[in-house]
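Go ahead and model the full structure; you've got the sequences and the hints to work with.
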Amino acid sequence: MPYYRRVGQVPPKRHTRFERPDGGLYYEELMGEEGFSSDSSLLYHAAIPSAIVAAELWEPPDQTLVPNHPLLPRHLRLHGLFPDKTWAELDPVTGRRTVLGNADVRICYAVAAAASPLYRNAIGDECVYVEAGTAVVETVFGPLTAREGDYVVIPRGTTHRWVPTGEMPLRTYVIEAFGHITPPRRYLSATGQFLEHAPYCERDLHGPAEPLTVEGENVEVLVKHRGDVPGGVAGTRYTYARHPFDVVGWDGCLYPYTFNVSDFEPITGRVHQPPPVHQVFAGPGFVVCNFVPRKVDYHPRAIPVPYYHSNVDSDEVMFYCGGDYEARKGSGIGQGSVSLHPGGHSHGPQPGVYERSTGVEFFDELAVMVDTFAPLKLGEGGRAAEDPDYAWTWARGRSS
Numbered sequence: 001m002p003y004y005r006r007v008g009q010v011p012p013k014r015h016t017r018f019e020r021p022d023g024g025l026y027y028e029e030l031m032g033e034e035g036f037s038s039d040s041s042l043l044y045h046a047a048i049p050s051a052i053v054a055a056e057l058w059e060p061p062d063q064t065l066v067p068n069h070p071l072l073p074r075h076l077r078l079h080g081l082f083p084d085k086t087w088a089e090l091d092p093v094t095g096r097r098t099v100l101g102n103a104d105v106r107i108c109y110a111v112a113a114a115a116s117p118l119y120r121n122a123i124g125d126e127c128v129y130v131e132a133g134t135a136v137v138e139t140v141f142g143p144l145t146a147r148e149g150d151y152v153v154i155p156r157g158t159t160h161r162w163v164p165t166g167e168m169p170l171r172t173y174v175i176e177a178f179g180h181i182t183p184p185r186r187y188l189s190a191t192g193q194f195l196e197h198a199p200y201c202e203r204d205l206h207g208p209a210e211p212l213t214v215e216g217e218n219v220e221v222l223v224k225h226r227g228d229v230p231g232g233v234a235g236t237r238y239t240y241a242r243h244p245f246d247v248v249g250w251d252g253c254l255y256p257y258t259f260n261v262s263d264f265e266p267i268t269g270r271v272h273q274p275p276p277v278h279q280v281f282a283g284p285g286f287v288v289c290n291f292v293p294r295k296v297d298y299h300p301r302a303i304p305v306p307y308y309h310s311n312v313d314s315d316e317v318m319f320y321c322g323g324d325y326e327a328r329k330g331s332g333i334g335q336g337s338v339s340l341h342p343g344g345h346s347h348g349p350q351p352g353v354y355e356r357s358t359g360v361e362f363f364d365e366l367a368v369m370v371d372t373f374a375p376l377k378l379g380e381g382g383r384a385a386e387d388p389d390y391a392w393t394w395a396r397g398r399s400s
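127 is the number that UniProt numbering gives to position 127 of the sequence shown; each next residue is one higher, with no gaps.
These aren't lab readings, by the way, just hints derived from the structure by calculation. Treat the hints with care, since some could be wrong.
What the hints assert, rightly or not - With a cut-off of at most 20 angstroms between alpha-carbon atoms, the simulated DMTMM-like pairs for lysine to aspartate or glutamate come out as follows:
hint : residue 1 : residue 2
1    : K377      : D389
2    : K329      : E265
3    : K295      : E265
4    : K377      : E265
All values reported here derive from a predicted model rather than from experimental measurement.
This is the structure we're talking about:
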């Protein structure tokens, strides 16, 4: 995280006695990255945070991946994965379906109405895009409110749970890293402040504002972690002697936060700008970009839609979640679609769009893009949601 935050009660000096009103001590826990050598926070618990009384195997949702063979561009219709209100009994964690993945990142999708169990990802940070609905994300750092258009960034090892609110189900597009997710380095000063050219800043990031304390004993927490199992992702169900949400205060530079896509200020130019201008986050082996409603290229002879391009070093995944994405007209892609354009395949606008875009001044579109630097494989959800006709649409076209 780029800046310091303090919530609740903390002692004046770190690693010193912090007395409870009953005369006992609060227990200090350091949650830090890269072995004490990067961002961290100090949390103060009423009970010992390591006290587990039971542990058993927990099997996460299907993590199997199959290669993209033969190498094809693919269209995945995610809105078809949860038909006929099957989401009513599902929660946003155990109800996730794996769409795509590799050794650096997994992309999942969930539609859910029930509260999740307490959960902790011990593999990497999670960046959850809220496509629709609202929720409270209860965390060991305190609660966050999440709404449509929010990215919810949750650091590795954060105990939390999702509680959908409102009448509509919560739709989430989940980017699970095998490492840490940060703002791009080029947006930050040497000391971590957002620079003037960055498309968002500290004012746009919203962390917990108050502690969340919950009483309870023998409390279960699902932990996702690495394991020598198919897919490389295993799970354990811990039972804690006391509820993990017993933190009276914390401070530091590592914590969960939300960022709404409407606060991203697009960077535009006279001619078409390359995808890095849309970048919002970076992770090990991948980047996250968002394409938002914006004024487009204003050179009198500009072609505003993307030029045809070959991803020689990456796979490109686009999740279409708002507006009308100009370049894909005629492909069958719509709201809730994901396109996968793999390295080794040249792609770009659908037939006729390149010519029709001249003179267009504004694009009303919203999409989240993940570019990976290792090939992506298809998960169970991706295989179930595929449109088999998509790969051939540049050759023959079809109505949307």
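Hint by hint, here is what the structure shows:
1. K377 with D389: holds (19 angstroms)
2. K329 with E265: violated (25 angstroms)
3. K295 with E265: Status holds; Cα separation ~11 angstroms.
4. K377 with E265: violated (32 angstroms)
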